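Colleague: What follows is the residue order along each chain.
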Amino acid sequence: MSMQGVQDEEKIDLTKVEAKRLRARSMRLLLSLVRPVRRRLILSFSTVILSQAFRVVGPALIAYGIDQALPLAVKGDYIALWYTVGAYLLAATATAGLTYFFISYAAKINQDVILDLRQRVFVHTQKLSLEFHEKYTSGRVIARQTSDLDSIKELLDTGGNEMIAGLLYMIFTGVALVLLDASSFAVMLVSLVPLYFLTRWFQKQTRINYRKTRVASARLIVHFVETMTGIRAVKAFRKDTRNNAEYAGLVEDYRAVNAKVIQLFGIYDPGLILIGNLTVAGVLMIDGLRVIDGALGFGVLTAAILYAKRFFDPMEGMAMFYNAFQSSASALEKISGVLEEEPSVPEPVNPVPFKEHSGHIEFDDVEFHYSNGKTILPNFNLDIPGGQTVALVGTTGAGKSTLAKLISRFYDPTVGSVRIDGVDLREVANEDLRRAVVMVTQEAYLFSGTVADNIALGRPGASQSEIEDAARAVGVHEFIESLPDGYNTDVNKRGGRVSAGQRQLISFARAFIADPAVLILDEATASLDIPSERAVQNALRTLLAGRTAIIIAHRLSTVSIADRVLVMEHGQIIEDDTPAALIAGTGKFAKMHKAWRESLA
Amino acid sequence: MKPMGTVATLLRIFPYAKKALPRVILGTIAALGAHLFALTIPQFLRNLVNGLQDHGTVEKLVPAVLAVLALGICEAGFVLLRRWLVLTPGTHVEAGLRRTLYAKLQELPVSFHDKWPSGQLLSRATGDLSLIRRWLSFGLVLFVANAITIAVGLAILFTYNWLLGLIFFVSSIPIWVRGFKFEKNYHSIARLSQDQAGDLATSVEESVHGIRVLKALGRGDFASAKFARDAAELRGTEVKKANLIADIWIYLILVPEFAVGASMLVGVWLVSQGQMTVGALVAFFATTTVLRWPTESVGFLLSMTLDAKTAITRFFEVLDAPIEIDDPENPKTISEPKGRLEFKNVSFKYPDAPAEAAPLLDGVNLTLEPGESVALIGITGSGKTTLTALSTRLYEVTGGAIELDGIDIRDLSREELRRHMAMAFEDATLFSASVRDNVLLGRPEATEAELAQALEIAQAQFVYDLPEGLDTKIGEEGLSLSGGQRQRLALARAVAAKPSVLILDDPLSALDVDTEAMVEDALRTVLTATTALIVAHRPSTVQLADRVALLENGRITAVGKHSDLLATNAHYRHVIASLDEEKEAIR
Ligand SMILES: Nc1ncnc2c1ncn2[C@@H]1O[C@H](COP(=O)(O)OP(=O)(O)O)[C@@H](O)[C@H]1O
Ligand SMILES: Nc1ncnc2c1ncn2[C@@H]1O[C@H](COP(=O)(O)OP(=O)(O)O)[C@@H](O)[C@H]1O
Ligand SMILES: [Mg+2]
Ligand SMILES: [Mg+2]
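The listed protein sequences correspond, in order, to chains F and B.
Counting along the first sequence from 1, when you hit position 124 you're at 124 in the working numbering, and nothing is skipped either side.
Counting along the second sequence from 1, when you hit position 283 you're at 283 in the working numbering, and nothing is skipped either side.
Next up, chain F with everything else stripped away, as it sits in the complex (with noise of 0.2 Å):
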């Protein structure tokens, strides 16, 4: 189905049944994080009630001080006058102090909502599966949890209350101008015709216009974090010239359907004040008509104007809260998107238990192909016995990876199953999976923090002890006990004070103290110089008794500490055997292993 999750995104003329959809989608969104704060604005709505109410009070006391006080005065009864006064006190009082409460009160709520809607949108896209980060770009991901998220603030800051704020006191002046003198009420409601046509015109254009302002700003994203990231090769390659007129190119893209959708709104705001001030005029003349027979006394006539003219006051805010309505309604269609998007491994509904582990993995009648469908793995068996070493080797692109990824389940396999224990991992809740699997590939990231955290990632909680013992294993405490701060060295963005080789060395320890029962390394030790590579695999040794590990590896000296080696080709075991056998035989593998005995020499 079109518009489903993040598909079609970039959209921007839909058809009338693919706009339904998403305003229902965003409606849906709104509201499901308006529910857990319902109560809240309850209340936060009441004082808001009140606050407009008493404000609403004043001018009708103005009209009262002016035609009941002032003959009184005239006379020399002040009591009436000061009554009245004493009133508009009270009111102006109690006005500020509700919108003191609502205001602090208001922002508590705003900000609980934005909270509950980023952390959302951040544990689901953590929950969304490799195939959906595969194909929806880091910047757009980066895009929809800053610039989107910050667009759906600006709503709330501007504020429901001043939306609901003016419309209470729309509604509380015409209410008071009924009551005052109805005749003045129907000018204005015949200025509401205007208004709705003015409004109308204005949400139609903006919706399409903002649509295209979220579509230019993720672009716009997209290539600035791209460039940052890859900082170095773009200076070593001279793309930074190059790079500047592309961006610029965005920038102006992102500017020219901005400065549209600020010049739509540059026409309704004064649109509204037009509407407003004809409606004045309109008021001024009936009752000034109405003076002149007689039939209007002038308190009247200036409340009635006051009030004509108060009507349209908080319209300039409602609008501009209306504006950033239209603005982040095609925000939430992009997050709701997002939000719609299912994990394409899904976590089981009824996990079965999974504690204890020996590791046995099984392949069954395996077939798998990614998204584009070709086929990657056609008809796989494999069996791996609890607590064996296996060396996986292959040319690039036989499957490997593939393999060790459905393994660690980030894709589950078109047909058949794959099982550890007997159990089939789509029935293994999360958890449990990722304390028995543990993958350390190539690219080894580091989060900003200290060295020991990026360590303890591997098993939070961890003591400080265990951290330097997991470091020792694998030969980088001394390096560590080198930095500035040892292993509370803050080691920044992307592991930049660390060398590629200690990034690894990070990384491996990170994987050795989460102590799974099934390992599987995909050409972790690639970056590593020999010695460090010695260390690691001392460290294996003693560290994978016991345990399943499956070690995908170029370069063939891992196979020394290997039970088994698997040699696989075009999604193909095609030998499989000890490893002394393996040599002496006369396939494959002894043909690698022949030419990379000779590459050391």
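Note that these hints are calculated values from the structure, not bench results.
Hints may be right or wrong, so weigh each one.
As the list claims (entries may be wrong) - Listed below are the simulated SDA-like cross-link pairs for lysine to any residue, each with C-alpha atoms no more than 25 Å apart in a straight line:
| # | chain 1 | residue 1 | chain 2 | residue 2 |
| --- | --- | --- | --- | --- |
| 1 | B | Lys240 | B | Val170 |
| 2 | F | Lys11 | B | Lys473 |
| 3 | F | Lys127 | B | Glu468 |
| 4 | B | Lys240 | B | Thr9 |
| 5 | B | Lys226 | F | His124 |
| 6 | B | Lys181 | B | Val7 |
| 7 | F | Lys594 | B | Pro539 |
| 8 | B | Lys473 | F | Glu246 |
| 9 | F | Lys135 | F | Arg219 |
| 10 | B | Lys115 | F | Ala452 |
| 11 | B | Lys115 | B | Thr100 |
| 12 | B | Lys184 | B | Pro256 |
| 13 | F | Lys127 | B | Lys349 |
| 14 | B | Lys226 | F | Ala452 |
| 15 | B | Lys349 | B | Leu366 |
| 16 | B | Lys498 | B | Thr568 |
| 17 | F | Lys374 | F | Glu569 |
| 18 | F | Lys260 | B | Ser193 |
| 19 | B | Lys338 | B | Pro256 |
| 20 | F | Lys75 | F | Leu296 |
| 21 | F | Lys204 | F | Ser191 |
| 22 | B | Lys60 | F | Tyr445 |
| 23 | B | Lys226 | F | Tyr445 |
| 24 | B | Lys19 | F | Gln263 |
| 25 | F | Lys108 | B | Ala246 |
| 26 | B | Lys184 | F | Glu154 |
| 27 | F | Lys20 | F | Val175 |
| 28 | B | Lys226 | F | Gln263 |
| 29 | F | Lys260 | B | Thr100 |
| 30 | F | Lys374 | B | Lys473 |
| 31 | F | Lys204 | B | Leu80 |
| 32 | B | Lys344 | B | Asp230 |
| 33 | F | Lys135 | B | Ala246 |
| 34 | F | Lys374 | F | Thr396 |
| 35 | B | Lys240 | B | Phe180 |
| 36 | F | Lys108 | B | Ala232 |
| 37 | F | Lys260 | B | Lys19 |
| 38 | F | Lys108 | B | Asp230 |
| 39 | F | Lys374 | B | Glu468 |
| 40 | F | Lys594 | F | Thr396 |
Quantities reported herein were computed from a predicted structural model and do not represent experimental measurements.
Once you've looked at the hints, dock chain B with the ligands against the given chain F.
Modeller: What follows is chain B with the ligands alone, placed relative to chain F:
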């Protein structure tokens, strides 16, 4: 850096807004015009009311109503004019700032990027800049216009009656006092909130870029918990901010309302004493109504201004950062590149290394003759990658010099230097672009044949089998490639640049044995003609080079042939050749 005053900080943005300034000023005038028209309406009301009082006639009414009508239309017209004047130029200023920031970030040395979390840069390039735009085209304009309107309005109030005017004038004093106090409190919290937003963006970025690690370790929940903590902190700051705003609102509502109350008392008394007309009193109240919005808006305009100030400060933190690695004033050029690379007593220490630590590189001497290829060997962390980065000035030597064809690389423009030298990094970065664009990054003008040749040398012929061949989009926004595939493309990219010096940082680490052997054979043909510095971990890669240099404790401690070093140097054996042990092990 010492903190700057609000006005001084705000003024710093004006050079960037020069083009927009005339229209911003005109816009301010238009805004003022709109307010003044609004202020004039009550004048007509007074005349009307006074006129109607003694035997009003329709003849008296109609002109007054028409005048009010005309003024109302004028007001709307001026608002339209203001928006039309300032909005488009505002977006141009924002776009200009964005381009400036981006260009500056690309100029800044790698050490700057090491230091700055990327989310902080992103939040500056997005949220902060749009804040500045809104302030410039809205906040500033209205602030000035409203201030003048309030002043004029006060003056008009005086014309109705000096006593009533005085009441309003005196009542504005507590607002000013309060405003100054607000400025002090608000601005530190505004800064905190923008910084926290940047940190949050960093968390988001890392969680996305490190998604594979988080998934492999099952630490999504852990990351989410950390994110939740950070987000909750930001929430706390925002609530504090709102409380400050709520605080000033009390004053903005209460003070004018009390003034109105007092005026009612005095005004009615004045009318009853015959010292003022009813019309004037009606007009007086109508005027205070017109002034109400400009007065109340002071609150949010003030907070907006302070937010903008913080955003401007944050913008200039990047813009003021020194470009430590700059082009020389009179760059030399190399007319006939030969590719002789010489490290002369090079020393280097990362800027954030502890002061007492020994330099990472401490007197590196190494010469690569034209056409020669040298393998650089050393244990992990010995500084090999750092040395390669120094030679293209991604970092700057802290002592000694690097010379290319006898010219200090600091005397060349960076553009020229990087044209003569091409690198393959140890982590292959591909950009979201076609295969072709990625490979020809260093030399877009290369021919199809040269491209094909580079791909062949790097054994990257797999690209022809991609869905759209050389035009397939790869990188983040395109097809995902395996580590080995990425590395081969990065190698092809360095080769395609046809530099006189090739710098390859562990270029074959992710390749399987067969592919590695093929790449090596193909590379040899290139290396006969090109000077090359090859960081290597494996004996097989070392075989590519004519000579080997051993990096140890910040110096080159041995240079020579692989076999000679193997025989004579114990550290060398330790680093590269555990051959006997390994042979032992595989048996
Ligand atoms: N995310 C993906 N989407 C589509 N195809 C993929 C993806 N990852 C890998 N492939 C393809 O699957 C095949 C096997 O890849 P992989 O398992 O990474 O091989 P190996 O690890 O043995 O080098 C290759 O042809 C590769 O191009
Ligand atoms: N950006 C950086 N800031 C500070 N220190 C760094 C930075 N990059 C690397 N280092 C440190 O410098 C040393 C050498 O790193 P590197 O040159 O990458 O080593 P290698 O020889 O493994 O390539 C390492 O110990 C690392 O901790
Ligand atoms: Mg692989
Ligand atoms: Mg390195």
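Colleague: With reference to the structure, classify each hint as holding or not holding.
Modeller: The hints, checked one at a time:
1. A distance of roughly 30 Å separates the Cα atoms of lysine 240 of chain B and valine 170 of chain B; the hinted pair therefore is violated under the 25 Å criterion.
2. Among the hinted pairs, lysine 11 of chain F with lysine 473 of chain B is consistent with the structure: their alpha-carbon atoms are about 20 Å apart, no more than 25 Å.
3. Taken as a hint, the lysine 127 of chain F and glutamate 468 of chain B pair is broken in the structure, with Cα atoms around 32 Å apart against an allowance of 25 Å.
4. A hinted pair counts as satisfied when its Cα atoms are at most 25 Å apart, and lysine 240 of chain B with threonine 9 of chain B qualifies at roughly 24 Å.
5. For the proposed pair lysine 226 of chain B and histidine 124 of chain F, the alpha carbon gap of about 15 Å is at most 25 Å, so the pair holds.
6. At most 25 Å may separate the alpha-carbon atoms for a hinted pair to count; lysine 181 of chain B and valine 7 of chain B meet this at roughly 16 Å.
7. The suggested pairing of lysine 594 of chain F with proline 539 of chain B holds, with an alpha-carbon distance near 15 Å, which does not exceed 25 Å.
8. Straight-line distance between C-alpha atoms of lysine 473 of chain B and glutamate 246 of chain F comes to about 16 Å, which keeps the hinted pair within the 25 Å bound.
9. Distance check on the hinted pair: lysine 135 of chain F and arginine 219 of chain F sit about 15 Å apart at the alpha-carbon level, within 25 Å; holds.
10. Between lysine 115 of chain B and alanine 452 of chain F the alpha-carbon distance is near 19 Å, which keeps this suggested pair within the 25 Å criterion.
11. For the proposed pair lysine 115 of chain B and threonine 100 of chain B, the alpha carbon gap of about 20 Å is at most 25 Å, so the pair holds.
12. Straight-line distance between C-alpha atoms of lysine 184 of chain B and proline 256 of chain B comes to about 23 Å, which keeps the hinted pair within the 25 Å bound.
13. A C-alpha spacing of about 41 Å is found between lysine 127 of chain F and lysine 349 of chain B, which places the hinted pair above 25 Å, so the restraint is violated.
14. With a C-alpha separation of about 16 Å, the suggested pair lysine 226 of chain B and alanine 452 of chain F falls inside the 25 Å cut-off, and the hint holds.
15. Between lysine 349 of chain B and leucine 366 of chain B the alpha-carbon distance is near 18 Å, which keeps this suggested pair within the 25 Å criterion.
16. Proximity of lysine 498 of chain B to threonine 568 of chain B is assessed by CA-CA distance (about 36 Å); at most 25 Å being required, the pair is judged violated.
17. A hinted pair counts as satisfied when its Cα atoms are at most 25 Å apart, and lysine 374 of chain F with glutamate 569 of chain F qualifies at roughly 15 Å.
18. For a cut-off of 25 Å, the pair hint linking lysine 260 of chain F to serine 193 of chain B is broken: about 30 Å separates their Cα positions.
19. For the hint linking lysine 338 of chain B to proline 256 of chain B, the alpha-carbon distance of about 80 Å lies beyond 25 Å, and the restraint is violated.
20. Between lysine 75 of chain F and leucine 296 of chain F the CA atoms are separated by roughly 22 Å; this keeps the pair inside 25 Å, and the hint holds.
21. Straight-line distance between C-alpha atoms of lysine 204 of chain F and serine 191 of chain F comes to about 21 Å, which keeps the hinted pair within the 25 Å bound.
22. For the hint pairing lysine 60 of chain B with tyrosine 445 of chain F, the CA-to-CA distance comes to about 82 Å; that exceeds 25 Å, so the pair is violated.
23. Proximity of lysine 226 of chain B to tyrosine 445 of chain F is assessed by CA-CA distance (about 17 Å); at most 25 Å being required, the pair is judged to hold.
24. A C-alpha spacing of about 19 Å is found between lysine 19 of chain B and glutamine 263 of chain F, which places the hinted pair at or below 25 Å, so the restraint holds.
25. For the hint linking lysine 108 of chain F to alanine 246 of chain B, the alpha-carbon distance of about 12 Å falls within 25 Å, and the restraint holds.
26. Under the criterion of a C-alpha separation no larger than 25 Å, the hint pairing lysine 184 of chain B with glutamate 154 of chain F is consistent with the structure, at around 24 Å.
27. Restraint check: the Cα-Cα separation between lysine 20 of chain F and valine 175 of chain F comes to about 35 Å, which exceeds 25 Å; the hinted pair is violated.
28. Of the pairs offered as hints, the one joining lysine 226 of chain B and glutamine 263 of chain F is violated, with about 41 Å between alpha carbons and a cut-off of 25 Å exceeded.
29. With a C-alpha separation of about 23 Å, the suggested pairing of lysine 260 of chain F with threonine 100 of chain B holds against the 25 Å cut-off.
30. Note on lysine 374 of chain F and lysine 473 of chain B: the hinted pairing holds, with a Cα-Cα distance of about 18 Å set against a maximum of 25 Å.
31. About 20 Å separates the Cα atoms of lysine 204 of chain F and leucine 80 of chain B, which keeps this hinted pair within 25 Å; it holds.
32. Annotation: proposed proximity of lysine 344 of chain B to aspartate 230 of chain B is violated, straight-line Cα distance about 48 Å (limit 25 Å).
33. As the CA atoms of lysine 135 of chain F and alanine 246 of chain B are separated by approximately 45 Å, the hinted pair breaks the 25 Å bound.
34. Distance check on the hinted pair: lysine 374 of chain F and threonine 396 of chain F sit about 16 Å apart at the alpha-carbon level, within 25 Å; holds.
35. At roughly 18 Å between alpha-carbon atoms, lysine 240 of chain B and phenylalanine 180 of chain B fall within 25 Å of each other, so this suggested pair holds.
36. Taken as a hint, the lysine 108 of chain F and alanine 232 of chain B pair is honoured in the structure, with Cα atoms around 11 Å apart against an allowance of 25 Å.
37. Distance hint between lysine 260 of chain F and lysine 19 of chain B is fulfilled; the C-alpha atoms sit about 20 Å from each other, no more than 25 Å.
38. Our distance criterion of 25 Å between C-alpha atoms is met by lysine 108 of chain F and aspartate 230 of chain B, whose separation comes to about 16 Å.
39. For the proposed pair lysine 374 of chain F and glutamate 468 of chain B, the alpha carbon gap of about 15 Å is at most 25 Å, so the pair holds.
40. Annotation: proposed proximity of lysine 594 of chain F to threonine 396 of chain F holds, straight-line Cα distance about 18 Å (limit 25 Å).
Checked against the numbered hints given earlier, this structure breaks hints 1, 3, 13, 16, 18, 19, 22, 27, 28, 32, 33; the rest are met.
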